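Position chain B relative to chain A; hints supplied.
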Amino acid sequence: MRQGKISNNLLFTQQHFDLLATLYRSSINDYHSARNVYEVITETAAKGLYIDRASFWRIAEDRLICQNLFDSVSGKHSIEKDLPACALPNYFKALKEGIAIVADDVLTNEYTKELKDLYLIPHGITDMLDLPIRENGVLIGVLCCEHRDDPRTWSASDLAFARALGDIMTLLVEQCKRRMAELEIEKLYAISKKLNEKLLDFTYIISHNIRSNTSNMSMIIDLIDDTEILEEKREYFQLLKESNNKLSDTIHYLNETISIQLGSKESKVKLNLKSEIEKTLLGVNGIIKKEHATIKIALPEGMEIRTIPSYFESIMFNLITNAIKYKSPERNPVIEITAKRTNSKTVILVSDNGVGIDLHKNKNKIFGMYKTFHGNNDAVGLGLFMTRNHVEALGGTIEVESEMGKGSTFKVVL
Amino acid sequence: MQQISQIYIIDDDDIFVFVLKKLLQKTKRFHDIIDVRNGSEAIELLTVQHAANAKLPELIFLDLNMPILDGWQFLDEVEKLPFKDELKIYIISSSIDPKEIEKSKEYSTVRSFVSKPVTMEWLHKISG
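Chains as they are written, first to last, in the numbering used here: chain A, 39 to 452; chain B, 7 to 134.
Think of the hints as simulated: they come from the structure by calculation, not from any bench.
Given the structure is predicted, the values throughout are model-derived calculations rather than measurements.
Errors might be hidden in some of the hints.
Okay, derived cross-link-like pairs now, BS3-like style, lysine-lysine, Cα gap no bigger than 27 Å in a straight line [what the hints assert, rightly or not]:
#	chain 1	residue 1	chain 2	residue 2
1	A	K279	B	K109
2	A	K308	A	K449
3	B	K32	B	K131
4	B	K28	A	K279
5	A	K231	B	K109
6	A	K119	A	K306
7	A	K236	B	K111
8	A	K236	B	K105
9	A	K317	A	K231
10	A	K154	A	K119
11	A	K231	B	K105
Bound-form chain A, shown alone (with noise of 0.2 Å):
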């Protein structure tokens, strides 16, 4: 056997330390997953081991539970069955107490005999090399080289070699799980961040949408303190009333804002999408004769979506309703409806011909509270503020594309 190149006492054959270094100098980011690692252990001690199988199993309460197989022959890795625990003792003894199962013939081997019938004698395993595996001190699971056919005397380089590919198993499978925490804490933090960016935009809404009513009623309250004429205190009791309106409807929509994003009681349940839209439809028959549109339709037959039902209703509503409403002067509102399913999800699109929206302008508030791009008088600027709502509520999202004087496309992923 030839010597590694460091040193001719060096315990390790130069195939063993060319294989170790190569794992010693990968790094966490050169594997997605624990399961990545034990794939590439696997591969490594088959290679390293001339042998046919070499596998990783976790030990459970009752039984050791394959997470990874590699066959050399075939080149696969594939999952062996579970195997029960209480007919193992001695084998389970070994790995608790040892550093190694060292089984040059297995059928008489102390230790592994126990798994003759069960094991060895259906894969024809010959000679075994099992690593027990430990966390923190506690045996968890075992590494375990399975040899084929011919006798085999495990050397003194085997035995080194496998033990740490055990142990880099551990460590990488250890940084493996840290990352995957880490991971998991930035996520959250950034929802978190998110959040709190919402609620401080909310807080906003509200202080200045409350406000602009408060302080026109303090206003209004000062002029008729400072006037002695009835008739006058009587126009400003009028705008009084306008004005208490106005803080009242503020007040409903924020409610219902907050409802929205709590979340539903309601639960998803399955709909056909264009019956769906199809009753939508009916519930704006009357503003669609009276403004001449036209409703195009082209949705496939079969296609479901999971959602809402209130929720979706309201939005298809809004963006129908909106599509008429902010029609083209020169012509008659024409507005298709279209959709598709793309990566598991569900876009739908609404397209109109209607006066379009500047979103040089307009890009950063179109789905914002109490924001009117037209001028329109009855324009409250509630309705894409709502749908936002529902389309998030939803888990969706909303985007619109716009050309001034052609029309504008509301895109919604559900």
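Relative to the frame of chain A, chain B by itself:
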């Protein structure tokens, strides 16, 4: 008593505009009160007045949250006007967002940021 010749109110809230006009009239210092519903109309009006060599408004009361051209966009447009230094703008908004108050300081044309409601005392102060 000092008199203000002309003032613009740029705001889309009808009730506020009505009430503010009443208050302005009560001070007896403001005579020519012009109200427009958004920044775009105001820019147009300013440009026309300047082109006709008419006197520019002495004061501009500007709301932030408006359709078409909002308060910030109006201020950005004002930056491009050759006569911007002749304008005295007061932002009058329901906002109490410190970020917006801070942002208003970046515009040399903005005299101050006032949170609604507007009081008679304040109107007397700025016209005095």
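Taking the hints in turn, this is what the structure says about them:
| no. | hint | in the structure |
| --- | --- | --- |
| 1 | A:K279 - B:K109 | violated (35 Å) |
| 2 | A:K308 - A:K449 | holds (21 Å) |
| 3 | B:K32 - B:K131 | holds (14 Å) |
| 4 | B:K28 - A:K279 | holds (17 Å) |
| 5 | A:K231 - B:K109 | holds (23 Å) |
| 6 | A:K119 - A:K306 | violated (39 Å) |
| 7 | A:K236 - B:K111 | holds (25 Å) |
| 8 | A:K236 - B:K105 | holds (15 Å) |
| 9 | A:K317 - A:K231 | violated (39 Å) |
| 10 | A:K154 - A:K119 | holds (15 Å) |
| 11 | A:K231 - B:K105 | holds (18 Å) |
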